[in-house]
Amino acid sequence: MLGLIIVNVLVFAGIGGLLALLLVLADFFLANYGDCLIEINNKKKLTVKGGNSLLNSLSENDIFIPSACGGRGTCGLCKLQVSEGGGPLLPTEKPYLTAEEISQNYRLSCQVKVKTDISISIPEELFSIRKFKGVMEKMIDYTYDTKGVIIKLIEPKSIDFKAGQYIQLQSKKYPKAKQVVSRAYSMANSPENNDHVELIIRRVPEGIMTTFIHDYCRKDDQLTLTGPYGDFYIRDSDADMIFVAGGSGMAPFKGIMEELCRKECQRHILFFFGARTTKDLFLTAEMKEYEKKMAAFSYHPVISQPEASPDWKGLTGYIPPLLEKYVRDPAKTEGYLCGSPALLAATEKKMREIGIDKIFYDSFG
Amino acid sequence: MDINPFVIFLAAIFTGNILLTYFLGMCSYLSVSKEIESSAGLGMAVFFVLTLTSAINYLVYHYLLVPMDLVYLQYIVFIIVIAAFVQLTEIVIERFSPVLYYSLGIFLPLITVNCAILGVSLFLIIRQYSFIQSVAYGAGSGIGWLVAILALAGIRNRLKEKYLPRGMNNAAISLIITGIMALAFIGFSGVAIIQ
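Keeping their order, the protein sequence lines are chains S and F.
If you want this note's numbering, it's the position in the first sequence, counting the first as 1, plus 1270.
If you want this note's numbering, it's the position in the second sequence, counting the first as 1, plus 22.
By construction, these hints were calculated from the structure, which means they are not laboratory data.
There's no promise every hint is true.
[Said to hold, decoys possible] So these bits of chain S aren't anywhere near chain F, every CB distance computed over 12 angstroms:
| no. | residue |
| --- | --- |
| 1 | Leu1288 |
| 2 | Leu1291 |
| 3 | Ala1509 |
[Unchecked claim] Think about it this way: if two alpha-carbon atoms lie no more than 30 angstroms apart in a straight line, the pair counts; the simulated DSS-like pairs of lysine-lysine are:
| no. | chain 1 | residue 1 | chain 2 | residue 2 |
| --- | --- | --- | --- | --- |
| 4 | S | Lys1364 | F | Lys184 |
| 5 | S | Lys1314 | S | Lys1403 |
| 6 | S | Lys1562 | F | Lys56 |
The structure presented is a predicted model; accordingly, all values stated were derived computationally and were not measured.
From the three backbone atoms N, C-alpha and C, an ideal C-beta is built for every residue, glycine too.
Looking at chain S on its own, in the form it has when it is part of the complex (with noise of 0.2 angstroms):
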């Protein structure tokens, strides 16, 4: 009987081995791609192993191209022009490019595998993109399910970036991960204070970063994060402003709120900030000291659902139907949106119904 079972059970491994060495000869051969050129901006020359996406084989020699979703393919913002050697466009790929970035033969780095000589465009400003080691100095518990996190910069020791863009931040493994992942989020630090990051991260339900930076990280980890990125910052002009944040999407407003004070901004500005209840506004005294400072400046939280805070006597609703009462001169008013793809989307439309054509917005996907 023992016999027997041991005959089934090797027979079956033996089967199992010649097999499982049949693939690893089979990916040797034909999944191996050599060592392959990447030639960047006709220029700069990288050797890389074949086999990797573009966007890693282009990491892994510290050219960090903007990422939101780790490579997933989910957020489009990894796009850079291939002149040669990317091979077919993938369908994974078609839903984030236009028919014209097509034909400019714009591509996700994310999905074009480096198999032969490549040869690629990237923005100049992608090479100022440096790779930081942090570690997390405080967390400061904003509300029920937000915190601030203050990561210090150990190497290099300070971040050059203009108030409201956005840094990536790695994760790192714990018990219930099933993977790390690197997310956006935006810096509430004014470019004053560079030596260190400051972000404010709202917990996701089973979101893999947020589980991690609320549950598990503690002061002195080690933190790996890439920037700055971003087009989201105020431009240089005398035009109205409108702001508009839910949730984390305070973030970039923190630290450009704190640079325009600093620089005794004149310029006319609303702040819009949405919330459920009334738990889950922060900051808002901050915000208020900045409305007595800047005599332009006035800062209007809004809450959706009034029912939950009786105590409430501030604006209630959504904000897009509130704009148009406020707006002063659409023709010369910027909108600046931080905040989920749902109210960036029906700001946005609103937005641009009432006339307001210049909209600044960094979407996270």
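Take the given structure of chain S and dock chain F to it, following the hints.
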């Protein structure tokens, strides 16, 4: 049995089509037949896997399992052979056609659990085919599956702009079309090739 392998090959396509006569291998058939190109790609992948696994499984059964009196292992052994060959197919496709690899997506590894594959291996054992007959049967079944999925993809393509009652889209109308195609293929059994 002395049936000419070529006759077995033709029979597997027309009179004994693994999909339209035996109704095996329906799930990826129903899902991927939305587009003709990916249907052709998947059909060819299935053909490749079927031909190879029929050959290998015949050899494993007759030269390993039977001599060692381990016939009852046939189910799991056939499955791991199929799984390994599907994985091999994936590596080959990713290498030579990344576009096809991405458009097939999850359906490529799903070939492993396509019951047509295991079905063909088991049928050739039950029918006691020789090696050449087994390979002919596997190849024929593959072509038969390819023909069936291409036919359905073509018909669904024609139906794209047509009006269908609500709820009849996708699976419902595909099953009805498959049934009608199966009826049509029964007509082939009137052709007395195997006699």
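The hints, checked one at a time:
1. The non-interface label for Leu1288 (chain S) is inconsistent with chain F: the shortest C-beta to C-beta separation is roughly 9 angstroms, within 12 angstroms.
2. Residue placement check: Leu1291 (chain S) does not keep its beta carbon more than 12 angstroms from all beta carbons of chain F (closest about 10 angstroms).
3. At the 12 angstroms boundary, the C-beta of Ala1509 (chain S) stays outside the reach of chain F, the nearest C-beta of that chain being 45 angstroms off.
4. Under the criterion of a C-alpha separation no larger than 30 angstroms, the hint pairing Lys1364 (chain S) with Lys184 (chain F) is consistent with the structure, at around 26 angstroms.
5. Proposed proximity of Lys1314 (chain S) and Lys1403 (chain S) is supported: the alpha carbons are some 25 angstroms apart, at most 30 angstroms.
6. Restraint check for Lys1562 (chain S) and Lys56 (chain F): not satisfied, since their Cα atoms lie roughly 63 angstroms apart, outside the 30 angstroms limit.
The structure is inconsistent with the numbered hints 1, 2 and 6, although it conforms to all the rest.
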